[in-house]
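Keeping their order, the protein sequence lines are chains A and B.
Each residue of the first sequence is one higher than the one before, counting from 1 in the numbering used here.
Each residue of the second sequence is one higher than the one before, counting from 1 in the numbering used here.
The reader is advised that the hints may include incorrect statements.
Claimed, not checked - Only pairs whose alpha carbons sit at most 30 Å apart, straight line, appear in this in silico DSSO-like list of lysine-lysine:
#1 A:72 to B:385
#2 B:147 to A:72
#3 A:75 to B:148
#4 B:581 to B:319
#5 B:253 to B:319
#6 B:581 to A:128
Unchecked claim - Cβ-to-Cβ under 10 Å is the rule here; a few derived chain B residues that face chain A:
#7 69
#8 75
#9 144
#10 236
#11 240
#12 401
Rather than coming from a laboratory, the hints here were simulated on the basis of the structure.
Backbone N, C-alpha and C define an ideal beta-carbon position, used for all residues, glycine too.
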Amino acid sequence: MSVVRLNSPARPVARPAARPAVGLRTVTAARGKAKSAKVAKIIVIGFAAIQILKLILDITVSQSAYELKSLKLEKIALTTQSEIIGQQVDSLSSQQNLANSAASLGMIANANPVFLRLEDQKVFGKPKEALNSDGRVARNNIADAALVQRSVLTNSDASKTETTINPDVAQSTKVNQPVAFSSGSIPASPTH
Amino acid sequence: MRYMQPGNPARRLQLFAIAIVVIAILFIGRLIQVQIIQAADINKMSLSSRSVTHTIPAIRGQILDSTGRVLARTVLKYDVNVAPVNVKPLPRKVNGITVEIPVNQLVAQIAGVLGMTPEEVSLKIAGTGQYANIKRGVDANAFDQLKKLNIDWLYFDAIPSRTYPSGALAGSLVGFLTSDGKPMGGIESLYNSCLAGTDGKETYEKGEDGIKIPDSVITTTKAVNGRDVHLTINADLQYFAQQVLTQKWASLKADWATAVVIEAKTGKILVAAEAPTMDPNKPGASTEAARHARVFESSFEPGSVIKMVTAATLVDTGKGNPESRVVAPFGWTVPGTNGYRVTDSHTHGNDKLTLTGVLRDSSNTGIMKLGQAVDASTRFSYLTKFGMGKKTAIKFPGEASGFVLPFNQWDGVKKYVSMFGQGFSVTPLQSAMMYQTIGNMGVRLQPQLVTGCDDANGNLQPVATQPGVRVVSEATARTTIDMLEKVVEQGGIGRHAAVPGYRVGGKTGTAQITDPTTGRYGNLHAISFIGMAPAENPQYIVAVTAYKSRTISNSLGATPIFKSIMQQVLRTFRVAPSTTKSANIATEWK
Chain A
1 MSVVRLNSPA RPVARPAARP AVGLRTVTAA RGKAKSAKVA KIIVIGFAAI
51 QILKLILDIT VSQSAYELKS LKLEKIALTT QSEIIGQQVD SLSSQQNLAN
101 SAASLGMIAN ANPVFLRLED QKVFGKPKEA LNSDGRVARN NIADAALVQR
151 SVLTNSDASK TETTINPDVA QSTKVNQPVA FSSGSIPASP TH
Chain B
1 MRYMQPGNPA RRLQLFAIAI VVIAILFIGR LIQVQIIQAA DINKMSLSSR
51 SVTHTIPAIR GQILDSTGRV LARTVLKYDV NVAPVNVKPL PRKVNGITVE
101 IPVNQLVAQI AGVLGMTPEE VSLKIAGTGQ YANIKRGVDA NAFDQLKKLN
151 IDWLYFDAIP SRTYPSGALA GSLVGFLTSD GKPMGGIESL YNSCLAGTDG
201 KETYEKGEDG IKIPDSVITT TKAVNGRDVH LTINADLQYF AQQVLTQKWA
251 SLKADWATAV VIEAKTGKIL VAAEAPTMDP NKPGASTEAA RHARVFESSF
301 EPGSVIKMVT AATLVDTGKG NPESRVVAPF GWTVPGTNGY RVTDSHTHGN
351 DKLTLTGVLR DSSNTGIMKL GQAVDASTRF SYLTKFGMGK KTAIKFPGEA
401 SGFVLPFNQW DGVKKYVSMF GQGFSVTPLQ SAMMYQTIGN MGVRLQPQLV
451 TGCDDANGNL QPVATQPGVR VVSEATARTT IDMLEKVVEQ GGIGRHAAVP
501 GYRVGGKTGT AQITDPTTGR YGNLHAISFI GMAPAENPQY IVAVTAYKSR
551 TISNSLGATP IFKSIMQQVL RTFRVAPSTT KSANIATEWK
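Using the sequences and the accompanying hints, generate a full structural model.
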């Protein structure tokens with residue numbers, strides 16, 4: 001058996017195209033992925049920060065609630081004090097207390113008021129000493145259950161009052177400061 | 001011997017998966033039930049267990065006098081409560097050492113503050129209950145002292161409460177609030193719409209420790225506070241008048257007494273005093289009658305103070321003048337009656353009096369003989385124009401209108417006795433306003449008790465005032481004042497009303513009072529004096545009445561009260577003394 005050596009192809013075979021030379025080059029990292037990671041990191045940190053802030057805020061608000069409660073208690077205490085002082089002022093300034101205090105200090109409303117008309121210095125009414133028995137109402141007649149406090153008149157108050165009406169003092173006033181008379185018979189005030 | 005058979009792992013896995021699915025379905029079902037089907041109800045239950053509704057009480061407005069003095073205001077009072085089950089001894093540090101204070105010692109401390117006996121307090125805190133009240137309505141001072149005792153089983157409820165700092169001063173005029181806050185009488189009732197506020201409400205959630213959960217307010221309705229009412233009353237003058245009146249009322253042994261001060265040119269009521277009266281802080285301590293403002297509510301036959309109206313009618317109609325002459329006997333038989341005889345209060349002969357003299361002597365016979373010149377219809381018209389038989393514009397709670405029969409129902413006697421104040425009734429305020437008409441030169445004003453009510457910003461909104469009504473001419477009013485002056489200058493009783501330095505005009509009144517059991521006049525009288533000053537230009541009217549005076553049966557019991565009050569009024573308002581003399585009018589003739 002004969003062997004035919006096939007030295008040449010039966011048909012021409014195209015030579016493969018010359019491949020371009022493959023060289024090494026630098027590859028940059030995938031930009032999109034890095035950016036996503038950064039954003040994720042920011043989100044995580046931001047979320048954590050928000051949670052921490054929220055926690056702080058919650059703690060603060062909770063503290064404020066207790067502070068508010070404390071302030072409300074303080075307000076109640078101050079309101080109570082205000083009420084107490086208000087009651088005392090009401091009592092001390094009531095007509096009943098003032099009338100009693102004036103009476104105990106020896107003050108007597110003159111039942112015979114005398115009027116002086118400045119334009120002609122004419123006196124209306126007959127000047128009379130205010131007498132204890134001169135038709136005055138001796139004591140307070142008007143009930144007041146809200147009167148929780150009365151004026152406390154100390155001895156020094158009483159002595160001051162006595163000093164004011166001390167006849168010796170009145171006498172010395174008379175001696176040292178003679179009353180000035182103007183054209184009429186009415187004593188004129190030295191201050192005008 | 002039995003060996004365990006090897007299982008089927010696939011089947012076990014299948015059963016396990018089925019169980020998980022079933023459980024999941026159950027959970028999902030329950031979730032749907034809780035979150036969707038019952039969500040509303042569960043939310044509601046949850047909220048109710050932690051939410052608290054708190055009423056924000058509105059503060060009632062104040063009642064103030066004309067100078068701004070507070071006559072009524074709202075303060076906080078406190079109910080002292082205890083949970084008896086929690087009562088126990090409490091530890092206290094004494095000199096740095098903690099000691100246990102026994103309950104009886106704590107009780108003694110509580111009792112001391114509350115003004116109770118320890119036994120009373122012990123009785124209140126006995127038992128095992130959750131709530132007991134020890135005392136209601138303690139004031140801020142007691143509350144503060146109790147708080148300082150630091151007893152943790154005491155609880156306090158703050159209750160808005162009304163207080164009247166001036167006590168019984170104008171008490172029946174101001175009125176009071178019941179224990180449940182309802183207004184009873186007086187300004188409290190009349191101006192309730194101004195004084196009362198609207199309570200607010202706040203609902204919020206609280207934590208286990210009772211602290212409000214932040215931002216948990218569910219609803220909040222703000223409280224709207226009440227507004228202040230301003231009266232025309234001058235509290236200082238009112239006090240003075242009440243002092244004088246109370247003392248004289250006691251000495252007269254009268255059922256009651258009133259004093260009214262009116263500003264002639266405005267109709268403002270400066271004083272509406274009465275005795276006895278009530279302290280609105282303790283209304284229960286007064287009698288039921290004393291709680292009423294008699295100045296507005298009590299009517300009675302006015303008696304001779306009405307002679308002023310008869311005289312003014314005569315002058316205004318031209319049927320008489322200040323010097324119209326009459327012979328006034330002690331007794332006179334009324335014409336057209338079956339011998340009905342009217343006498344004067346004091347015996348005398350046939351006095352030759354002028355109309356002015358008739359007023360001076362308060363002669364019943366004289367006024368009837370002169371007054372008959374005016375027909376009944378005209379006199380009735382004048383009486384009503386002077387304000388009789390009609391409530392005032394104040395519309396005070398329980399205010400009486402008085403009573404005047406129409407003239408066509410007047411019988412023969414009434415036609416005459418009405419000339420001196422019998423047969424009809426007036427309130428103390430109505431009689432004062434008759435004199436205001438004359439003092440204001442013939443123009444009747446409506447009395448004014450309230451200046452106004454504040455608006456929401458605290459600005460005073462004045463009440464609308466009604467225009468005056470001319471009743472008699474200015475000349476008639478002037479003439480009538482001149483005649484009234486002679487009563488005070490020359491009258492046997494009237495002269496006790498004179499105020500040194502001032503020209504004063506006025507009229508006495510000693511009215512008989514019908515005994516309801518017999519229907520006839522009894523022995524007791526309503527004594528009055530109504531006057532004005534200064535007579536040359538009247539500024540103030542003072543009207544005093546003592547009902548059923550037992551020690552003095554004529555106006556001598558009323559004139560000292562009038563004088564004291566008028567003196568104080570003139571002094572308070574710095575009224576210049578009179579500089580002119582009274583008119584020269586004859587009171588008698590020969």
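Inset, instruction - Given the hint that residue 72 of chain A pairs with residue 385 of chain B, test it: the Cα-Cα distance must not exceed 30 Å. - result: violated (61 Å)
Legend entry - Restraint check, 10 Å cut-off on beta carbons, for residue 236 of chain B near chain A: Since the shortest Cβ distance to chain A is 7 Å, the answer is holds.
Legend entry - residue 75 of chain B as chain A interface residue, shortest Cβ-Cβ below 10 Å: OK, holds: residue 75 of chain B within 10 Å of chain A, min 6 Å.
Legend entry - Satisfaction of hint between residue 72 of chain A and residue 147 of chain B, Cα-Cα up to 30 Å: Between residue 147 of chain B and residue 72 of chain A the Cα gap is close to 15 Å, so the pair holds against 30 Å.
Legend entry - Pair hint residue 253 of chain B and residue 319 of chain B, alpha-carbon separation not exceeding 30 Å: violated (42 Å)
Legend entry - Hint check, residue 401 of chain B versus chain A [nearest Cβ-Cβ separation less than 10 Å]: Where the cut-off is 10 Å and the nearest Cβ of chain A is about 30 Å from residue 401 of chain B, the hint is violated.
Inset, instruction - Could you grab the alpha-carbon distance between residue 581 of chain B and residue 319 of chain B and see if it respects the 30 Å cut-off? - result: holds (27 Å)
Legend entry - Proposed proximity, residue 148 of chain B with residue 75 of chain A (alpha carbon, max 30 Å): Distance ~16 Å between residue 75 of chain A and residue 148 of chain B Cα, so the pair holds.
Legend entry - Pair hint residue 581 of chain B and residue 128 of chain A, alpha-carbon separation not exceeding 30 Å: holds (24 Å)
Legend entry - chain A contact restraint for residue 240 of chain B - C-beta distance below 10 Å: holds (9 Å)
Legend entry - Restraint check, 10 Å cut-off on beta carbons, for residue 69 of chain B near chain A: holds (8 Å)
Legend entry - Hint check: 10 Å Cβ-Cβ cutoff, residue 144 of chain B to chain A: Status holds, d = 5 Å.
When each numbered hint is compared with the structure, violations occur for hints 1, 5, 12.
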